[in-house]
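Asker: All the letters of the sequence shown, read from the start, carry residue numbers 1 to 30 under the numbering used here.
Keep in mind the hints are simulated off the structure, nothing from the lab.
Any given hint could turn out to be false.
What the hints assert, rightly or not - Just the calculated beta-carbon pair ranges, DEER-fashion: (1) Ala5 to Pro30: 25 to 31 Å; (2) Phe24 to Pro4: 26 to 32 Å; (3) Ala5 to Phe25: 28 to 34 Å; (4) Ile7 to Tyr27: 27 to 33 Å; (5) Ser8 to Phe28: 29 to 35 Å; (6) Phe25 to Pro4: 29 to 35 Å; (7) Pro4 to Pro30: 29 to 35 Å; (8) Phe28 to Ile7: 26 to 32 Å.
Glycine included, each C-beta is placed from N, C-alpha and C at the ideal position.
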Amino acid sequence: MAHPASISCLRAFIIPLSFLFVYFFVYFIP
Numbered sequence: 001m002a003h004p005a006s007i008s009c010l011r012a013f014i015i016p017l018s019f020l021f022v023y024f025f026v027y028f029i030p
């Protein structure tokens, strides 16, 4: 079911999203 290409695509989507989340958090909290 989970093909390596699918996982790679998912990771490529999740990593920048998580970076954006952290950036948003850091920008909002102080």
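Asker: Hint by hint, say whether it matches the structure.
Answerer: Okay, the hints, checked on the actual structure:
1. Range check, Ala5 to Pro30: about 40 Å between beta-carbon atoms, so the 25 to 31 Å window is missed.
2. Take Phe24 and Pro4: their Cβ atoms lie about 30 Å apart, and the range 26 to 32 Å holds.
3. Separated by about 31 Å at the C-beta atoms, Ala5 and Phe25 satisfy the suggested range of 28 to 34 Å.
4. Take Ile7 and Tyr27: their Cβ atoms lie about 30 Å apart, and the range 27 to 33 Å holds.
5. Remark: the range hint 29 to 35 Å for Ser8 to Phe28 is upheld by a beta-carbon distance near 31 Å.
6. A hinted range of 29 to 35 Å for the beta carbons of Phe25 and Pro4 is consistent with their spacing of about 31 Å.
7. A hinted range of 29 to 35 Å for the beta carbons of Pro4 and Pro30 is inconsistent with their spacing of about 40 Å.
8. Taken as a hint, the range 26 to 32 Å holds for the pair Phe28 and Ile7, whose Cβ atoms sit roughly 31 Å apart.
Going down the numbered hints, you'll see the structure goes against 1, 7, while the others check out.
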